[in-house]
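> Listed here are the chains, written in short residue letters.
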Amino acid sequence: MGYPGGSVRVQSPPSGPAAARPLTARGIVRRFGDLAVLDGVDLDVAPHETVALVGPSGCGKSTLLEMVCGLQAPDAGTLDAAPAALMPQRDLLLPWLDARDNVALPLRLAGSGRREARAAADALLDRVELGRFARSRPDELSGGMRQRVSFLRALATERELLCLDEPFGALDAITREELRHWLAERLEERPRSVLLVTHDVEEAALLGDRVIVLGPRPAGVVARISVDAGPARRREATDPAVVDARRRIHDALRTAMRGDEVAAT
Amino acid sequence: MRRPLHPAVRVALGVLGPLLLLAAWQAYVRLADVDPILLPAPTDVAASLVDDRSLLWDAFVVTGQEVLLGLATALVLGAGLAILMHLSAIVRAMLGPLVIGIQAVPIPVLAPVLVFWLGFGVGPKIVIVAIICFFPVVINTLDALDRVDPDLGRLLQTMGASRRQRLRWVELPAALPAALSGAKVAVAIAGIAAVFAEYAGAEQGSEGLGLLINSARFSLATDRAFAAVFILAVFAVLTTGALALAQRLLAPWAHRRPGAPR
Ligand SMILES: Nc1ncnc2c1ncn2[C@@H]1O[C@H](COP(=O)(O)OP(=O)(O)OP(=O)(O)O)[C@@H](O)[C@H]1O
Ligand SMILES: [Mg+2]
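Chains as they are written, first to last, in the working numbering: chain Z, 1 to 265; chain L, 1001 to 1262.
The hints are simulated quantities; they were obtained by calculation from the structure and are not laboratory data.
Computed from a prediction, not measured in an experiment: that's the story for all the values here.
Be careful, since some hints might not be right.
Claimed, not checked - Distance windows between CB atoms, simulated: (1) L:D1151 <-> Z:E178: 19 to 27 Å; (2) L:A1072 <-> Z:G131: 37 to 45 Å; (3) L:P1007 <-> Z:P231: 30 to 38 Å; (4) Z:A173 <-> L:R1003: 27 to 35 Å; (5) L:R1147 <-> Z:A173: 26 to 34 Å; (6) Z:A36 <-> L:R1147: 26 to 34 Å; (7) L:G1101 <-> Z:G131: 48 to 56 Å; (8) L:R1168 <-> Z:S7: 28 to 36 Å; (9) L:A1246 <-> Z:S7: 50 to 58 Å; (10) L:L1021 <-> Z:G113: 51 to 59 Å; (11) Z:D42 <-> L:R1003: 57 to 65 Å; (12) L:R1147 <-> Z:S7: 34 to 42 Å.
Note that CB positions come from ideal geometry on N, CA and C, so glycine has one too.
Working from the sequences, and respecting the hints, build out all of it.
What follows is the structure, given as structure tokens:
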């Protein structure tokens, strides 16, 4: 099976000129048999920018992330991406490894020795005060803790582009908020380019520098919204710029869904 | 949720159960005046355990060796084959029916051929025990491998993992506790397999509990035959315990500690 028309270029690290864009996607099309999922999506992520990707369930957000991470190729369009680390929708920690070894895993896979990889993982865990959980296995950790470990594992890859697939999707509202702050702190400490999938409009407005709204399947971009509310770390849900961004995301989603209904009748 | 028992209480109950059975058996044999050649009383069996101890011990050393080596062979080869079958649809399609079919071959048919090839030593017995124990190990391991979340492998791929690395970090850890579980299931049949394997004949001085049972029955010393069976039963319990312990030490993640912090 081929991918007619689709082309993927993974930038080799160090990624070309210093100002190279971590992600440039043009006209991305993806079908599964008769099911047209993505239909001509254009998407950029600038260095150290957080782009939130919002869209109705099943519109192809995870599929897009998988393409960025090289797990599948587009059927048409071009994708030029820096090496990317994926934080999957479910934490997918290895149940047989403790938190430290899970965080150390990308380093082990890249050829580091056990001791060296563990020291690096310990350093990551200690810096965010999770050192005391280093030796706990995933089944001994709470859901919020597992997501943090999963995020640190993605960080440990040292890749420039982070693809976060609904990192807080499975958590309760309070833990969700806590983790959102935690994530903003991490990204302030060590800025990365982030592609963040979420279907929480508030989360998109609080974390994204820009928000890309996808429509229902076959999905294209229905709105691009920039959030001029300062650094994510200092945003509040009540900031006028955040409130305004939320409203615009909402409107875009609602318009897209309504268009879908009209098309269906 | 059931509350877990204190380990000491569990051991005590594990001893109490068989003791109750022995007491009922003793009462039955005495009250119904059963012929000891048909069914000896537990006290007679106990007396034989003491009187024939050196005979029983020598035979046990042989059979124990057959069981443990056979089980170990089945564990290593069974887990290995399960992984091969997991990795290759062709191997799986070719060997799947064979693995099941070989299970159906009765030991008395298999044993003479193996003795012909491998001689009268412990060799053919180990092979028979291994063949019998192979099946639960393969099936259990294969089942566990099939249940491994395919997304784990895909995630590792995004981290640049090779097929071999995915095997090392995902499939092998998933297979290990399952293979040991399979071996636990196989322990009881391993003893029976060894006994039947010995019926096909053995060298002088390397007669195990199977042959001892046979000759004891032939000379109407049923108490000695039962003493041998008792040893096999205790050995099965201990081997299962050892495997459970190995599982806990080698694959602690497969054993969810009750009351562990969530
Ligand atoms: N490998 C595949 N084969 C066939 N269909 C697929 C495959 N992967 C995804 N799909 C379909 O493509 C569509 C988009 O899936 P995807 O997981 O990308 O959606 P999503 O936007 O991430 O949804 P959610 O918000 O529920 O996570 C869905 O209808 C899904 O069933
Ligand atoms: Mg998804």
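> Now tell me, hint by hint, if it's right for this structure.
Hint-by-hint comparison with the structure:
1. Separated by about 26 Å at the C-beta atoms, D1151 (chain L) and E178 (chain Z) satisfy the suggested range of 19 to 27 Å.
2. Between A1072 (chain L) and G131 (chain Z) the C-beta distance comes to about 40 Å, which sits within the given range of 37 to 45 Å.
3. Taken as a hint, the range 30 to 38 Å is violated for the pair P1007 (chain L) and P231 (chain Z), whose Cβ atoms sit roughly 55 Å apart.
4. Distance hint for A173 (chain Z) and R1003 (chain L): a CB-CB separation of about 33 Å, consistent with the stated range 27 to 35 Å.
5. One distance hint, 26 to 34 Å for the beta-carbon pair R1147 (chain L) and A173 (chain Z), holds here, with the actual separation near 32 Å.
6. The hinted window of 26 to 34 Å between A36 (chain Z) and R1147 (chain L) holds, with their beta carbons roughly 33 Å apart.
7. Distance hint check: the CB atoms of G1101 (chain L) and G131 (chain Z) are about 55 Å apart, consistent with the given range 48 to 56 Å.
8. Between R1168 (chain L) and S7 (chain Z) the CB atoms are about 33 Å apart, so this pair conforms to the stated range of 28 to 36 Å.
9. Range check, A1246 (chain L) to S7 (chain Z): Cβ separation about 52 Å, and the 50 to 58 Å hint holds.
10. Separation of L1021 (chain L) from G113 (chain Z) is about 55 Å and conforms to the stated range, judged on CB atoms against 51 to 59 Å.
11. For D42 (chain Z) paired with R1003 (chain L), a C-beta distance near 59 Å keeps the hint of 57 to 65 Å intact.
12. Separated by about 37 Å at the C-beta atoms, R1147 (chain L) and S7 (chain Z) satisfy the suggested range of 34 to 42 Å.
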